[in-house]
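Mind docking chains X and G on chain W? Use the hints.
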Amino acid sequence: MLTLKEIVAALGGQLHGQEDFAVHAIAPLNTAGATHISFLAQPKLIKQAEETHAGALILAPRMFKLLQGKLSSAVAVIEVDDPYLYYARLSQLFAHSATPSKLLRHPSAIIAADAVIDPSACIEAQAIIETGVVIGANCRIGAGCVVGQNVHVGAESQLHPRVTLYRDCRIGQRCIIHSGAVIGADGFGFANDHGTWVKIAQLGRVLIGDDVEIGANTTIDRGALGDTVIEEGVKLDNQIQIGHNTHIGAHTAMAGCVGVAGSARIGKHCMFGGAAMILGHLEIADHVTVSSGTLVSRSINAPGMYTGIFPAQANADWEKTAAVLRQLPDFRQRLKALEALLAQAGASHHKE
Amino acid sequence: MLTLKEIVAALGGQLHGQEDFAVHAIAPLNTAGATHISFLAQPKLIKQAEETHAGALILAPRMFKLLQGKLSSAVAVIEVDDPYLYYARLSQLFAHSATPSKLLRHPSAIIAADAVIDPSACIEAQAIIETGVVIGANCRIGAGCVVGQNVHVGAESQLHPRVTLYRDCRIGQRCIIHSGAVIGADGFGFANDHGTWVKIAQLGRVLIGDDVEIGANTTIDRGALGDTVIEEGVKLDNQIQIGHNTHIGAHTAMAGCVGVAGSARIGKHCMFGGAAMILGHLEIADHVTVSSGTLVSRSINAPGMYTGIFPAQANADWEKTAAVLRQLPDFRQRLKALEALLAQAGASHHKE
Amino acid sequence: MLTLKEIVAALGGQLHGQEDFAVHAIAPLNTAGATHISFLAQPKLIKQAEETHAGALILAPRMFKLLQGKLSSAVAVIEVDDPYLYYARLSQLFAHSATPSKLLRHPSAIIAADAVIDPSACIEAQAIIETGVVIGANCRIGAGCVVGQNVHVGAESQLHPRVTLYRDCRIGQRCIIHSGAVIGADGFGFANDHGTWVKIAQLGRVLIGDDVEIGANTTIDRGALGDTVIEEGVKLDNQIQIGHNTHIGAHTAMAGCVGVAGSARIGKHCMFGGAAMILGHLEIADHVTVSSGTLVSRSINAPGMYTGIFPAQANADWEKTAAVLRQLPDFRQRLKALEALLAQAGASHHKE
Numbered sequence: 000m001l002t003l004k005e006i007v008a009a010l011g012g013q014l015h016g017q018e019d020f021a022v023h024a025i026a027p028l029n030t031a032g033a034t035h036i037s038f039l040a041q042p043k044l045i046k047q048a049e050e051t052h053a054g055a056l057i058l059a060p061r062m063f064k065l066l067q068g069k070l071s072s073a074v075a076v077i078e079v080d081d082p083y084l085y086y087a088r089l090s091q092l093f094a095h096s097a098t099p100s101k102l103l104r105h106p107s108a109i110i111a112a113d114a115v116i117d118p119s120a121c122i123e124a125q126a127i128i129e130t131g132v133v134i135g136a137n138c139r140i141g142a143g144c145v146v147g148q149n150v151h152v153g154a155e156s157q158l159h160p161r162v163t164l165y166r167d168c169r170i171g172q173r174c175i176i177h178s179g180a181v182i183g184a185d186g187f188g189f190a191n192d193h194g195t196w197v198k199i200a201q202l203g204r205v206l207i208g209d210d211v212e213i214g215a216n217t218t219i220d221r222g223a224l225g226d227t228v229i230e231e232g233v234k235l236d237n238q239i240q241i242g243h244n245t246h247i248g249a250h251t252a253m254a255g256c257v258g259v260a261g262s263a264r265i266g267k268h269c270m271f272g273g274a275a276m277i278l279g280h281l282e283i284a285d286h287v288t289v290s291s292g293t294l295v296s297r298s299i300n301a302p303g304m305y306t307g308i309f310p311a312q313a314n315a316d317w318e319k320t321a322a323v324l325r326q327l328p329d330f331r332q333r334l335k336a337l338e339a340l341l342a343q344a345g346a347s348h349h350k351e
Numbered sequence: 000m001l002t003l004k005e006i007v008a009a010l011g012g013q014l015h016g017q018e019d020f021a022v023h024a025i026a027p028l029n030t031a032g033a034t035h036i037s038f039l040a041q042p043k044l045i046k047q048a049e050e051t052h053a054g055a056l057i058l059a060p061r062m063f064k065l066l067q068g069k070l071s072s073a074v075a076v077i078e079v080d081d082p083y084l085y086y087a088r089l090s091q092l093f094a095h096s097a098t099p100s101k102l103l104r105h106p107s108a109i110i111a112a113d114a115v116i117d118p119s120a121c122i123e124a125q126a127i128i129e130t131g132v133v134i135g136a137n138c139r140i141g142a143g144c145v146v147g148q149n150v151h152v153g154a155e156s157q158l159h160p161r162v163t164l165y166r167d168c169r170i171g172q173r174c175i176i177h178s179g180a181v182i183g184a185d186g187f188g189f190a191n192d193h194g195t196w197v198k199i200a201q202l203g204r205v206l207i208g209d210d211v212e213i214g215a216n217t218t219i220d221r222g223a224l225g226d227t228v229i230e231e232g233v234k235l236d237n238q239i240q241i242g243h244n245t246h247i248g249a250h251t252a253m254a255g256c257v258g259v260a261g262s263a264r265i266g267k268h269c270m271f272g273g274a275a276m277i278l279g280h281l282e283i284a285d286h287v288t289v290s291s292g293t294l295v296s297r298s299i300n301a302p303g304m305y306t307g308i309f310p311a312q313a314n315a316d317w318e319k320t321a322a323v324l325r326q327l328p329d330f331r332q333r334l335k336a337l338e339a340l341l342a343q344a345g346a347s348h349h350k351e
Numbered sequence: 000m001l002t003l004k005e006i007v008a009a010l011g012g013q014l015h016g017q018e019d020f021a022v023h024a025i026a027p028l029n030t031a032g033a034t035h036i037s038f039l040a041q042p043k044l045i046k047q048a049e050e051t052h053a054g055a056l057i058l059a060p061r062m063f064k065l066l067q068g069k070l071s072s073a074v075a076v077i078e079v080d081d082p083y084l085y086y087a088r089l090s091q092l093f094a095h096s097a098t099p100s101k102l103l104r105h106p107s108a109i110i111a112a113d114a115v116i117d118p119s120a121c122i123e124a125q126a127i128i129e130t131g132v133v134i135g136a137n138c139r140i141g142a143g144c145v146v147g148q149n150v151h152v153g154a155e156s157q158l159h160p161r162v163t164l165y166r167d168c169r170i171g172q173r174c175i176i177h178s179g180a181v182i183g184a185d186g187f188g189f190a191n192d193h194g195t196w197v198k199i200a201q202l203g204r205v206l207i208g209d210d211v212e213i214g215a216n217t218t219i220d221r222g223a224l225g226d227t228v229i230e231e232g233v234k235l236d237n238q239i240q241i242g243h244n245t246h247i248g249a250h251t252a253m254a255g256c257v258g259v260a261g262s263a264r265i266g267k268h269c270m271f272g273g274a275a276m277i278l279g280h281l282e283i284a285d286h287v288t289v290s291s292g293t294l295v296s297r298s299i300n301a302p303g304m305y306t307g308i309f310p311a312q313a314n315a316d317w318e319k320t321a322a323v324l325r326q327l328p329d330f331r332q333r334l335k336a337l338e339a340l341l342a343q344a345g346a347s348h349h350k351e
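Read top to bottom, the protein sequences are chains W, X and G. Each residue of the first sequence is one higher than the one before, starting from 0 at the first, in numbering that gives the first Met the number 0. Each residue of the second sequence is one higher than the one before, starting from 0 at the first, in numbering that gives the first Met the number 0. Each residue of the third sequence is one higher than the one before, starting from 0 at the first, in numbering that gives the first Met the number 0.
Same shape as in the complex, but just chain W (with noise of 0.2 Å):
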């Protein structure tokens, strides 16, 4: 629960209300109710906003010139500049109120003796921090994750329970990793050896820089001889796998069950769609949008958005596009050879 008051004080924005009103939750506007508070960042929106229960209404300035006489006299309202940008910053604050505090160090963790853990970083329930690794100031790392050899951890980043940090990687400050992610783990590298795979042992690490996200089960391989780099600001939801060599560029989001292969040179401020895969090898360059489901097999030089979908249809439908998709070599040469017809019977017609 938080004043309107302590909202203001830590957010900023001007208010238009009871300053001791007590907002117990942020909800969107159409299921909000007396004690809540709600943001109206689509435009497209407003009507929701006129027939809103909130309590309270985060609203840019000409929002609230457009409502205004439209809301009930006891709605209060928060003007901002960015309203869905004041809900992120809030929804922060309030699972900030929300976070118990726990054991500094439980005393089931497994912690080397030559670990530097700053005195301020709390050690779940069955953590095992191996020689060598640092952790910084106010770092969480949750419960059953493996820090391991000479991992470096910076201040104030959060592991989620049963993270797997593999030797030697580096995680910057602020960073968030959620629960079963895998950092560090060996690039797929192999010799043919007469049919035979060699493995090339993976001797670089992984670098992640500060304020990254990493979501659950995501997985980034370690370089084979150099590093893989995860710039600051990136953020990457579920399931994501980062082959190793990869440079990603600072503040580039990616959505759940992307894929991308190794030695991939990916720009900064890029977005790729949910499933999208970049193969080996390739550039992208600083904002570049991939929308979902998009194989990128060619470097992209320029920035925009770049699709490659099947479009989906009913299954009788497709059945009939895939039948006819094979035959388009054979459309074009007798599109072709029809022009050609025309065109002579056309000559000819006028030889005539």
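Derived by calculation from the structure, the hints in this document are not laboratory data. One or more of the hints may lead you astray.
It does not matter which identical chain is used: a pair holds within one copy or between any two.
In silico SDA-like cross-links for lysine to any residue, where the CA-CA straight-line distance does not exceed 20 Å [claimed, not checked]:
| id | residue 1 | residue 2 |
| --- | --- | --- |
| 1 | K43 | V76 |
| 2 | K43 | A190 |
| 3 | K319 | F330 |
| 4 | K267 | A190 |
| 5 | K335 | A73 |
| 6 | K46 | I175 |
| 7 | K43 | L281 |
| 8 | K319 | R331 |
| 9 | K335 | R325 |
| 10 | K4 | A33 |
| 11 | K198 | Q172 |
| 12 | K319 | D329 |
| 13 | K335 | G345 |
| 14 | K198 | Q91 |
| 15 | K319 | V115 |
| 16 | K267 | Q172 |
| 17 | K198 | G12 |
| 18 | K198 | I175 |
| 19 | K198 | D226 |
| 20 | K319 | A108 |
| 21 | K198 | E231 |
| 22 | K43 | H280 |
Small disclaimer: the values here were computed from a predicted structure and weren't measured.
Okay, now just chains X and G, sitting in the frame of chain W:
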């Protein structure tokens, strides 16, 4: 080992044969031996049934009639309406008879003092049960599981080793959750602040109904504000990703590697083939089947089967098809031009 | 650090240069320094080889000849038939020299009294070894692994932290299994009872041959009745899903995010690009290569490369392509109509 008498007593069906015949295992028709029971679920396999060496067979009445005189008189038969369903129930009977008992509370488990755990529940080695947790009767919490604060797990539910349940989630009765699954990690939500992503704290929960099965390394994200909901009887295979605030209707089944983006609303009794992808904020009606590898980018309002797969070809053929694919819009123009030319020619011809 | 003498003693090759030259690391040609060894595996990189600052080079005889006179006389050369293969073996030598020894049995590991564990095996912190397990010589069972009842792990196999092996599975010798992998979870099998799914207990096992590598968070399901089989030398990358009763032939390699549905039978020496999907009950011949992102929906009986990818385009172009794609069956009709018309016109023309 079960006798036919025990099987029929537990599962019903009309027995033709020796009650005290001891069945050692279930086996497919073509590999079964004299101590095995097999089943005929597809009429096209009737030839295999004729030639099977199984000691006992599960048959539908029609198949039993067709096979009479063709089976060795030594073969026992259980006559049932739906042999495949009977096989499913029988497989559970065999699995159950093979499950050894374990210590109810392994001393290495770490259980919060205020957790409410039914005395019949089995908490395996190094499981971690946090404060406020409620665990129902006859549950199994596998080795190394982490059950977060205030999680409730309904009676008879089985968590295999190394499952993670984030705080506040609800698991119904008789659920099965496989190793590596992560339930309740943060949804993927950020607001953009001049190119930098600001995290939206994920304040909702995951609510899972009764009789849900969740595969190995599957991830289900908690809601941003409201909850992510998986209704009763849903079956999720391995490596599935369910985004925040998704709602999946009862008895829907999804094969491995499916991805569902945030806020999708999926109906009851749907089926999704492997690696199908559902974009966010879509609605899928009840009784919809989506083929493997199909990306659904628009809502589907009518039951039926939907597909969007690029057919695999020999690579040289595919290269030709793919090259021509990009010329399709051009083909349309050329077709139109030819048709116009011919229409004109036809007209002028008639005029001549 | 290894001297050239030690390297050649271990791996062979003809040394041209100082035996006691100390190599600190392997590095790519373009980043190597004076204490590094590098290798030339692709003729197109010969220019990089000329200009490298590496202190030592691994070269094939032909390249050695081409480079003579162009390399600094200070550069040592190891002449070998296959530099890439030699690099693979050398990388293992470096990895091995860097691996520290660990306690053979961490006191926090929980080991069933009847488990048979070779005295040379290393059981790390909080690993759980259940009843009936057999672990071979020189195995490593990583921190937090769960090795289920009656599992056998062959000599020299390495389980990284947090691997789960369900009961009764078999792991061959010299296998490597990465963190988060789950071997032997239930296959996805249900019978339908008037809209409700009834679980088919999965009574088979997973059998894994020698020299198999399994990537992080990869899942391999146990068989329903028979076993799921992975033959020797198979290499599976991260986040792969292998359905129940699949059979994968020896020395087949699969890149990340591949999915294989149940009962597929895949040949030897096959290669699958990332995110390739193989539907159930298919057969794939030996020596088949499937491109990344390709869904295989029919059996493949002949060796070769197979592809089915929708080419990525700038989004605006894709929208045009996709819109026309649905009209393909219509195009076929119109092409046919035009051809018929022209044939007729040609005929009538001749008649005239």
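Any hints from earlier that this structure breaks? Give me their numbers in increasing order, please. 5, 6, 15, 20
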